[in-house]
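Chemist: One letter stands for each residue in the lines below.
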Amino acid sequence: MHAQPMNNSPNAFDVEAIRNDFSILKGENDLPLIYLDSAATSQTPDCVIEAMDAYYRTYNSNIHRGIYRISEEATAKYEEARQQIGRFINARRSSQIIFTRNTTESINLVAYSWGSANLREGDEILVTLMEHHSNLLPWQLLSQRTGAKLRFIEITDEGVLQLDSLEELLTERTKIVAMTHVSNVLGTINPVQELIAAAHAVGAKVLIDGAQSVPHFDVDVQGLDCDFLAFSGHKMCGPTGIGVLYGKLDLLEEMPPFLGGGSMIRSVQRESSTYADVPAKFEAGTPAISEAIGLGAAVDYLDNVGLEAIFVHEQELLEYAHQKLSEIEGITIYGPKPRQKTGAITFNLEGIHPHDLAGVLDTVGVAVRAGHHCAQPLMQKFGVIATVRASFYLYNRLDEIDTLHEGLLKAQRMLTRRRR
Amino acid sequence: MNIYEEDILDHYENPSNYGTLENPDISYEEDNPLCGDQIRMDLQVEDGVITDLRFCGHGCTISQAAASMLTEEIKGKRLDEVKQLSKDDILDMLGIPLGPVRLKCGLLALKVLKAGAYGLKGWPGEEDEETE
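Going down the list, the protein sequences come from chains A and B. The numbering of the first sequence is the working numbering, which starts it at 1 and goes up by one. The numbering of the second sequence is the working numbering, which starts it at 421 and goes up by one.
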């Protein structure tokens with residue numbers, strides 16, 4: 001039983017019907033699960049679990065090899081998933097969809113393959129201060145390998161990009177701009193369309209980290225004109241272990257391989273080899289077959305619910321969360337207001353360690369993330385070591401924010417009594 | 421089992437042996453970069469016996485309560501005795517089970533003690549175990 005298509009009408013959004021699609025939310029434990037950590041990993045609808053289950057139970061076999069029925073079925077399903085995902089982000093061709101393990105691997109693929117072939121000393125890589133470590137470390141490593149310089153777009157105290165210095169930062173020396181579409185900590189939606197155009201005007205390529213955007217609203221790679229887009233399956237109702245790299249075809253074709261092995265070759269001699277066409281060139285070894293099929297089912301599911309309706313629903317949750325949490329004495333909320341962001345609210349309560357907040361919230365069944373969120377430079381900007389982040393997705397309800405609010409008050413009662 | 425038992429909150433709010441020593445024989449400080457918990461421990465040692473000690477620092481309830489409990493446990497004990505203290509001893513003192521993330525908070529004080537007194541740098545209880 002799956003949620004019915006919503007005809008893009010936000011009024012038709014039925015959160016109870018959606019919750020029915022997720023076994024884990026049916027509350028079979030002592031406490032109901034109030035899951036506010038979808039920015040770390042989203043819950044998986046039963047239809048995705050069933051699609052992966054069907055692979056293992058009825059046609060488990062390797063792809064692109066066997067001359068027998070179930071292998072042909074597995075290959076067809078794996079390639080169908082590539083088509084589904086290509087349509088989901090409006091890629092021109094399905095061969096532009098490369099399956100990886102996750103966003104991190106997708107970005108590393110570009111940094112190693114494209115980066116090592118195209119960057120040298122004197123060149124510059126431009127990132128932002130709000131990058132997840134997965135979109136920073138690969139560029140730090142590339143910078144160390146090539147001597148190219150890493151530069152940063154700073155952010156304002158409100159948690160949005162500081163673009164007044166863009167002209168100075170984005171020059172002919174800039175070879176690639178690697179930036180997140182949506183901050184995993186603050187939820188800030190960055191103006192990537194303008195930045196992509198500005199980068200192209202100086203001849204730079206652009207990689208967009210879509211880990212926090214592709215799950216939440218329509219990302220159209222042709223409309224944006226990005227050169228690369230990286231995202232993960234497990235943040236968009238899919239399984240772990242599968243991610244995607246989208247790239248412009250001419251770039252993918254001229255890039256050298258990243259990992260060598262089976263499947264990525266045309267022919268192999270003792271000392272050298274020739275390589276398969278994209279996407280196979282970048283998919284060495286047996287891939288995560290059931291996970292790719294699961295991700296295909298996940299994008300179908302999101303399509304049926306409707307990303308537009310999901311975005312509107314999340315905005316409603318965010319507005320309410322901001323309103324409720326702002327009432328709490330001693331709270332600091334980081335980042336912009338709703339409408340300029342999506343998915344997440346990040347905060348601290350004065351005098352209480354984020355781990356303790358998350359620990360007390362766990363006692364009332366609320367799952368949130370506490371820590372540096374793999375974004376230490378951003379934490380340093382705000383002068384904190386850690387924060388608490390509550391993040392939302394299509395299955396969250398307004399009353400779950402009430403429970404979050406009550407849990408925070410409980411933590412305050414318990415932990416700010418007589419501390420020295 | 422609630423990790424915010426009264427006993428833990430009491431240690432957090434009114435820690436034992438909190439502060440610093442003027443002339444410690446051993447002084448060591450360490451933090452947990454994942455969450456910023458930080459603990460310093462000062463020991464006075466005579467003939468191999470911990471005669472006095474203090475701890476200070478900041479962080480979550482678990483890290484600070486565990487440090488307070490640990491100082492109570494080891495005061496007056498011999499250093500070679502204290503060396504045997506393990507992850508399980510800390511969990512016994514806290515009286516609650518800890519998940520893998522909070523375990524690091526709970527073990528920070530023991531880590532500081534072992535690094536300061538014996539130069540052992542790893543996380544206690546996370547030694548690379550033989551799989552045989």
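There may be inaccurate statements among the hints.
Said to hold, decoys possible - Ranges between beta-carbon positions, derived for each pair:
1. A/Gln380 to B/Asp512: 45 to 51 angstroms
2. B/Leu540 to A/Glu72: 55 to 61 angstroms
3. B/Glu425 to A/Pro256: 40 to 46 angstroms
4. B/Leu454 to A/Tyr56: 33 to 39 angstroms
5. B/Leu454 to A/Arg69: 47 to 53 angstroms
6. A/Thr171 to B/Asp445: 53 to 59 angstroms
7. A/Gln323 to B/Asp445: 51 to 57 angstroms
Bear in mind the hints are in silico, worked out from the structure with no lab data behind them. Note that this is a predicted model, so its numbers are computed, not measured. Cβ atoms here follow ideal geometry from the backbone N, Cα and C, with glycine treated the same way.
Chemist: Check the following: the C-beta atoms of B/Leu454 and A/Tyr56 are separated by a distance inside 33 to 39 angstroms.
Modeler: Since B/Leu454 and A/Tyr56 have Cβ atoms about 36 angstroms apart, the given range 33 to 39 angstroms holds.
Chemist: Within 51 to 57 angstroms: is that where the Cβ-Cβ distance between A/Gln323 and B/Asp445 falls?
Modeler: The hint (51 to 57 angstroms, Cβ to Cβ) holds, given that A/Gln323 and B/Asp445 are roughly 56 angstroms apart.
Chemist: Between B/Leu540 and A/Glu72, is the Cβ distance one that fits in 55 to 61 angstroms?
Modeler: holds, 58 angstroms
Chemist: At the C-beta level, are B/Glu425 and A/Pro256 separated by a distance inside 40 to 46 angstroms?
Modeler: The hinted range 40 to 46 angstroms is violated for B/Glu425 and A/Pro256, with Cβ atoms some 58 angstroms apart.
Chemist: Evaluate the given range 53 to 59 angstroms for the C-beta pair formed by A/Thr171 and B/Asp445.
Modeler: Given range 53 to 59 angstroms: holds, Cβ gap about 58 angstroms.
Chemist: Has the hinted range 45 to 51 angstroms been met by the Cβ atoms of A/Gln380 and B/Asp512?
Modeler: Once the Cβ atoms are compared, 37 angstroms apart, the range 45 to 51 angstroms for B/Asp512 and A/Gln380 is violated.
Chemist: Is 47 to 53 angstroms respected by the C-beta to C-beta distance linking B/Leu454 and A/Arg69?
Modeler: Holds: the Cβ-Cβ distance is about 50 angstroms, inside 47 to 53 angstroms.
Of the hints listed earlier, those the structure fails to meet are numbers 1 and 3, in rising order.
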